[in-house]
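Enquirer: Read top to bottom, the protein sequences are chains W and F. Under my numbering, the residue at position 237 of the first sequence is numbered 237, and the numbers go up by one with no gaps. Quick note, my numbering runs 301 ahead of the 1-based positions in the second sequence.
No lab work stands behind these hints, which were simulated from the structure alone. None of these values were measured; they are calculated from a predicted model. Keep in mind that the hints are not guaranteed to be accurate.
Only pairs whose alpha carbons sit at most 16 Å apart, straight line, appear in this in silico EDC-like list of lysine to aspartate or glutamate [stated by the list, open to error]: (1) F:K731 / F:D497; (2) W:K5 / F:E762; (3) W:K127 / F:E350; (4) F:K549 / F:E478; (5) W:K127 / F:E762; (6) F:K647 / F:E550; (7) F:K491 / F:D448; (8) F:K491 / F:E410; (9) F:K361 / F:E345; (10) W:K217 / F:D787; (11) F:K731 / F:E351; (12) W:K217 / F:E763; (13) F:K361 / F:D371; (14) F:K491 / F:E478; (15) F:K549 / F:E504; (16) W:K57 / W:E110; (17) W:K5 / F:D371; (18) F:K372 / F:D335.
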Amino acid sequence: MEFVKDTHINFLGHRRAAFIFSLILIAVGVVSLVVQGGPKLGIDFQGGILLQVQFDKPIEAERIRETLAGIGLGGAEIQHFGGDREAIIRVSEGGDADLTSEIVETLNRENPENHAEVRREELVGPKVGRELQSKASQAILYALIGILIYISIRFEFRFAVGAVAALVHDVLITLGIFSLTGFEITLSVVAALLTIVGYSLNDTIVIYDRIREDRRKLYGKSFVDIVNTSLNESLSRTLVTSVTTLLVVLSLFIFGGEVIRDFAFTLMIGVVVGTYSSIYVASPLVVEWQIAQDARRRKKA
Amino acid sequence: MTSNLRWKVLLVLLVVVLSAWRASYTFRYLSLSDEDKAAMPAEEVESLEEQSLRLGLDLKGGMHLVLEVDKEGLPADEARDVMDRALEVINNRIDEFGVAEPSIQREGENRILVQLPGLQDEQRAKRLIGRTALLEFLPVETPDVYDLVFRAIDRALVDTMRAHGELPDEESALLSEAELAARERPLTAKAIVPGDIPYFAEEDVPWVREQLARIDLNSVLPHREGAPGVPRVRLSWDNETRSMQDGKEYRAFYILDDEALMTGSVVVSAEVRPGLDPDYPNSPGVQLRLSRSGGRTFADYTGEHVGEYLALVLDGTVQSAPVIRDRIPAGTPASITGTFSDEQAKDLAIVLRAGRLPAPMTVVEERTVGPSLGRDSITLGVRAMLIGGLLVVLFMAVYYRASGLVAVGALAINILVVVALMSTLPVSPKPALTLPGLAGIILTIGMAVDANVLIFERIREELRNQKTVRAAIRDGYERAFTTILDANVTTLIAAAVLLQFGTGPVKGFAVTLSLGILASMFTAIVATRVVFDLFTLSRNVKRLSI
């Protein structure tokens, strides 16, 4: 079976339209981020308390909120989690180790007929939160620099720039979608973002590799034609790998449980955006660079 | 068969057999239910666990704590070894607590990472481990000072209440005796004094706290000579309540001398012993040994204050306030007895020993997963892996037919190798499989087939170019190799960065992802090639199922 056979799609012909499409997506995300005052950070980066509590019987989120208002935690964020017997309670400001015990004790005292059990508890001090924040941004930055260097060595600098631009594109769009859907940025989301960086790059490199090979094979043809040929030749592989990866990520998203869902969600967006960007961002940018270079040379001559 | 191919076949077989053998421990261990484990001899379970993959706290259930030691204000010589002492103190406290396989590591300049797998009572653990440890021995004031202080507080309260118009008019009504008392002595009226120490009903405690906060205690309490505004006593609550004859819970309220007789640094040891008090032979007590200088201070003090109380105060809360029965000569251990439960006595001993830490410690990060959630996560994760894996198998079989099945076989070996490596790697501490780590393995399923997809697409191309099957296989593998290498190295760069920056669970993800990619270089390239080579070896194959 084959999805695509001997295609001759003029990918580069639509590159301007693709650029505009990408820019719109990024702009929507950035606007949404600006309006909301930056990405919604989870307690990992903001500091605070997260409690996952399981009750014996179904309980209304409103009931939990009322109970907690009694101890001055009316501002706590309460969300059902995988069913109406389980809830996540988030308190964003500070909080110490005693507060978690107080929350559970209060819930059990005020609702004696519906016992609450802590399934998961996370506490991050504000200082640790800030540290994790800078560590995470550094991690993403270092990963991008490392990749830039590796590709510059293996290919050429302009290829590296195209690849990294595609990665920045992927991360920005993913963050934008997070902002629009209200998902929180947690440690595991950052891990997923870095995985996307790796995955999208994987795709890009496969195509670059093909361009490098085709330039030798199709010597004399225009650069645009060569890149178009390479994109078409690697299209089948690009699609197949996206499908297999999506299959597992999708099953992780659906069957992997609530705890891992934000991670799987990030990967899902990333696979789609990453596949798109390796075809429509990374390679077309190299082509643009080449065209600009040729124009300059002609002017000089 | 060429000798080259023979060696490769042997190598692949060896890897498969070795990995399957190593991984079998993990599979056996994970398939055991709690009942199975209980039925097996303990050593057998233990050795099986040692040979198997280590589960992270988020899958096993347990507590991950990061403590920060506040070094500020410590003299230089103490600051130097405070971390070692803190580690020792935490070690001791955890030993007392009795957790299997705790891990306690120093992290950076002033942090300590504590990992307690399979913890049952997390609140108690946190109380014992995370608490700042400032232990003081404070004399409890005598009844005449109590009287003085209560009168002074009552006066101040009455003034405050009157100023706020909260007192009923004096002439307005005939007041009962109790109402009269409550009007003139608001605090005293709520207290009961069964012995020398006053108690308040637990339900009144918030009211008392509130009232005390309303008045300016610094000017109300008796002060040191020549230093008005600096009280010489301190007010403090007991850390536990006591039920009295009327069935209600009461909490003791102490008035303590503000100047500590000594601090926790004089404690040499504190141990739980039964039968220390002949009056209560079945009650446990705590035997306390002090340093030489501490012992001398203690001997002098106890000699002069027989019959009085001495409070052991941890971070401002009274842990115990035993009465001094006799002078305790320097060099002999002191006994703290009373109607303790075993657990109370044990916690008191721990608290006494913890007092040796001169700097406060705070919990700056905590992650706890209950055992039930951990089990759920494994079940769900494995289910997602099986379903995802099955979908990939189906897809590969449909898309690449027999060759797709070869790739799937390589994938299975890949997972075996990763599990085997994770349970055998000679690094300490052994890398743990976390929930994100499980996701990493699942992701590897998707990404590891990529190498084979690249190869197969190449082979198809070569076949389209009218090459023979054998040549197409050879060229397909060769051409795809550099691509696979480049692609994998870049993913490894991202994984290496994650390994550097990540904390616990995220690190677990980086580990499985890197191992998965490295293993795939062998399974997807070498192992599948062997199968194709064997297949095309003897016969002159005209068609390839790809």
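Enquirer: Hint by hint, note whether the structure agrees.
Expert: Tested hints:
1. Between F:K731 and F:D497, the direct Cα distance comes to roughly 57 Å. Violation of the 16 Å bound is thereby established for this hinted pair.
2. With a CA separation close to 10 Å, the supplied pair W:K5 and F:E762 stays within the 16 Å bound.
3. Simply put, W:K127 and F:E350 have alpha-carbon atoms about 37 Å apart, too far for the 16 Å limit, and the pair is violated.
4. For the suggested pair F:K549 and F:E478, the alpha carbons sit about 23 Å apart, so the restraint of at most 16 Å is broken.
5. At most 16 Å may separate the alpha-carbon atoms for a hinted pair to count; W:K127 and F:E762 exceed this at roughly 56 Å.
6. Proximity of F:K647 to F:E550 is assessed by CA-CA distance (about 23 Å); at most 16 Å being required, the pair is judged violated.
7. Distance check on the hinted pair: F:K491 and F:D448 sit about 14 Å apart at the alpha-carbon level, within 16 Å; holds.
8. Only pairs whose Cα atoms come within 16 Å are accepted, and F:K491 paired with F:E410 is rejected, the gap being roughly 50 Å.
9. Between the alpha carbons of F:K361 and F:E345 the distance comes to roughly 19 Å, so the proposed pair goes past 16 Å and is violated.
10. For the hint pairing W:K217 with F:D787, the CA-to-CA distance comes to about 20 Å; that exceeds 16 Å, so the pair is violated.
11. Between the alpha carbons of F:K731 and F:E351 the distance comes to roughly 10 Å, so the proposed pair stays at or under 16 Å and holds.
12. Pair hint W:K217 plus F:E763 holds up; C-alpha atoms about 15 Å apart against a cutoff of 16 Å.
13. Distance hint between F:K361 and F:D371 is unfulfilled; the C-alpha atoms sit about 31 Å from each other, more than 16 Å.
14. Using a Cα cut-off of 16 Å, the hinted pair F:K491 and F:E478 holds, with the two alpha carbons roughly 14 Å apart.
15. As the CA atoms of F:K549 and F:E504 are separated by approximately 9 Å, the hinted pair is consistent with the 16 Å bound.
16. The straight-line distance between the Cα atoms of W:K57 and W:E110 is roughly 14 Å, inside the 16 Å bound, and the hint therefore holds.
17. A hinted pair counts as satisfied when its Cα atoms are at most 16 Å apart, and W:K5 with F:D371 does not qualify at roughly 66 Å.
18. Between F:K372 and F:D335 the alpha-carbon distance is near 44 Å, which puts this suggested pair outside the 16 Å criterion.
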